[in-house]
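Protein chains: 2
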Amino acid sequence: MRILILGGDGYLGWPTAMSLAAKGHDVCAVDNYLRREMALETNSEALIPSPNLDDRAGIFEAVTGKKIRVVIGDCADYTLMSRVFGEFKPNAVIHYAEQPSAPYSMMGFTEARKTLNNNLNATFNVIWAVMKFAPDCHIIKLGTMGEYGTPNIDIEEGWIEIERNGRSDKFLYPRQAGSLYHTTKVLDTDLLWFYVRTHGVRVTDLMQGPVYGLSTPQADMDERLLPNFHYDDIFGTVVNRFLTQAVAGVPLTVYGKGGQTRGYLNLNDTLQCVELAMTNPAQAGQLRILNQFTELFSVNEIAGRVKAVGDRMGLNVRIESIQNPRKEKEEHYYNAKHSGLLELGLKPNYMTDDVVAGMLERIIKYRGMIDTKKIMPRVRWS
Amino acid sequence: MRILILGGDGYLGWPTAMSLAAKGHDVCAVDNYLRREMALETNSEALIPSPNLDDRAGIFEAVTGKKIRVVIGDCADYTLMSRVFGEFKPNAVIHYAEQPSAPYSMMGFTEARKTLNNNLNATFNVIWAVMKFAPDCHIIKLGTMGEYGTPNIDIEEGWIEIERNGRSDKFLYPRQAGSLYHTTKVLDTDLLWFYVRTHGVRVTDLMQGPVYGLSTPQADMDERLLPNFHYDDIFGTVVNRFLTQAVAGVPLTVYGKGGQTRGYLNLNDTLQCVELAMTNPAQAGQLRILNQFTELFSVNEIAGRVKAVGDRMGLNVRIESIQNPRKEKEEHYYNAKHSGLLELGLKPNYMTDDVVAGMLERIIKYRGMIDTKKIMPRVRWS
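Keeping their order, the protein sequence lines are chains A and B. Numbering of the first sequence is given in our numbering, commencing with residue -14 and proceeding in unit increments. Numbering of the second sequence is given in our numbering, commencing with residue -14 and proceeding in unit increments.
Hints may contain errors.
The list cannot tell twin chains apart, which means a pair is met if one copy fits it or any two copies do.
[To be verified] For lysine-lysine, the following DSSO-like pairs were computed, each having C-alpha atoms within a straight-line distance of at most 30 angstroms: (1) 350 <-> 99; (2) 242 <-> 322; (3) 314 <-> 117; (4) 292 <-> 51; (5) 242 <-> 332; (6) 358 <-> 51; (7) 52 <-> 314; (8) 8 <-> 312; (9) 51 <-> 155; (10) 155 <-> 52; (11) 242 <-> 52; (12) 242 <-> 155; (13) 292 <-> 74.
Keep in mind the hints are simulated off the structure, nothing from the lab. Since this is a predicted model, take the numbers as computed values, not measurements.
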């Protein structure tokens, strides 16, 4: 298959590109290094410096003999997207090309506006480029579980049937997200659903939980192929941040009461999920929504696990509650369905003690490169 | 009060500016003539040419002695919005500054993208300009009943309580709109709701139905003060189009089966509703949603009314069903609540035979200026 990966330099985009190229697909990765630039701007660089995307593709080819095409350019630029879709004619496009940080989107006007315009225009361009140049192409869009927020009722898998006075109808499950970044994903879903209904586009919208992990089978072949690993407050997700704090010997910083519960998944499961979506495509005129996570944890549970494993490894891990920089419920009901991907064949890699230990060991190798100034929250929600 | 009206040159913006200035408010109207430009581009000019906004304000002052401040500029430009909010420090902002045509938004990529970016960025800028320069300012945003689409259950007033397995929560009523234009209003609502929740902005989001009418008490003082009246397929709403077709002696063009049912209101009731929202502001941190219409009609009912009144006036009105250029249900359940504005004191001007006759008489005065080439649908949904 011809697979276009937008945001192909990212934490998920790059391992996805390698994984699918390794399986023999014709992969083209597009990126404009937006995340690298934002990380530089905000002093939030990844733990291990990565070669640029052209170089990564070169290293990957040297190691595996498999090519990954690279296009450096902006997915919010329709001229570029037209050219890429017109020339490559993908069978599937995996759309990761979004400003991915909630704290970044809450810094101020400029960052908020960049998040809104980048994310919406990238999605809009994908839809139109598909309609014009590759009408049968399956759009696989990375959304987020954060679109749903933390409602007091069960979270369904994308849709909800509502009954009222003896009548009923099916709707998108109501969404209310906790940051502007997450809200742009809500807008993306609205936009995709509109063009699915009116123009018969085929879309899988993956509501993904926070991802953790440092490597994948392809990255394990050469250290220079590792995905960019962020442990900072802006681009780092909570598991990756806690792991790094444990290694650095600073307290794991729980925001507020720590009862915040979310669905998490291993980086290797992201690769599985995206591939399962791709090999089992949505129908024309279908918006298929899948909740993409494998386990529910509260922040306190994650901190407890990292501490337990870290302590056994002699890290002497401390946990500290700090003032929550976000506006969010710190204790709440959370029960989210996630059967769709399991039915497609997902075999979860759960967060066992061995998995936690493996991640800690890997970070220990780079202990000297951790900058603890990058960990404490620098962005407040209001 | 100091009232900022964004889109102050529009069909609703200009009469609102006059109405509030006539009552002694300090009114500032901002517009960049986007709708005039789009009407010119698409050969869809209004029935009666209007003086520009500066001239209209001058005429209004000559007639009434009341000033309306005018700023010509783009609400999607944050530099302009910062200046206007910083200098004028409004108590309320009435936000009409959106590309308002569903067919225009469905013409192609360029028009769709212009609609998305203009509408979203204008709303985003309003939110940020309020937060930075006038934090207590009440945002009155014109949404549309079209945000809800045509669900098979009753349409509530903005919000819905959902019960599941013994638990319940309140959500934005699920929205699924019938055009990209209407979808941008869904995105606006999502965006407003986010900043209301996290930053305590105060917002009234008016879900307005299609508006009909040619004049208002202020416009009646001088013909040059009339709002721009569109009867074309792109900017004209269905009632105004049917009235014009009746006068022009061409058939009233019902799209498809004509069972499409919506909530309608008189232009004078828009003025009342917006003023009622303004004098009874939302609280800080409240997104108040009001369904703004007075009567439900199907397209066939409207055609029947115009024909009945027109025939009595000797117009010999014909009705013709044509292929529906839109993708929409032509027969459907529709029951929408709308008690909020009545509770605030709205006194509806219903679409009586006298009202229809009055509108027909006024159009008859301009009969020679009707261009029937502008009426038939030129934009198809797919």
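Cross-check of the supplied hints:
1. 350 <-> 99: neither (35 angstroms within a copy, 50 angstroms between copies)
2. 242 <-> 322: within (25 angstroms within a copy, 41 angstroms between copies)
3. 314 <-> 117: Cα proximity of residue 314 and residue 117: across copies only (26 angstroms, versus 43 angstroms in one copy).
4. 292 <-> 51: neither (40 angstroms within a copy, 71 angstroms between copies)
5. 242 <-> 332: For residue 242 and residue 332, the Cα distance exceeds 30 angstroms both inside one copy (32 angstroms) and across copies (50 angstroms).
6. 358 <-> 51: neither (39 angstroms within a copy, 59 angstroms between copies)
7. 52 <-> 314: Intra 46 angstroms, inter 48 angstroms, cutoff 30 angstroms: neither.
8. 8 <-> 312: neither (43 angstroms within a copy, 41 angstroms between copies)
9. 51 <-> 155: Cα proximity of residue 51 and residue 155: none, with 45 angstroms in one copy and 51 angstroms across.
10. 155 <-> 52: neither (44 angstroms within a copy, 51 angstroms between copies)
11. 242 <-> 52: Neither. Shortest intra-copy (48 angstroms) and inter-copy (55 angstroms) distances fail the 30 angstroms Cα cut-off.
12. 242 <-> 155: This pair counts as between: shortest inter-copy Cα distance 24 angstroms, intra-copy 36 angstroms.
13. 292 <-> 74: neither (48 angstroms within a copy, 52 angstroms between copies)
Checked against the numbered hints above, the structure violates hints 1, 4, 5, 6, 7, 8, 9, 10, 11 and 13; every other hint is satisfied.
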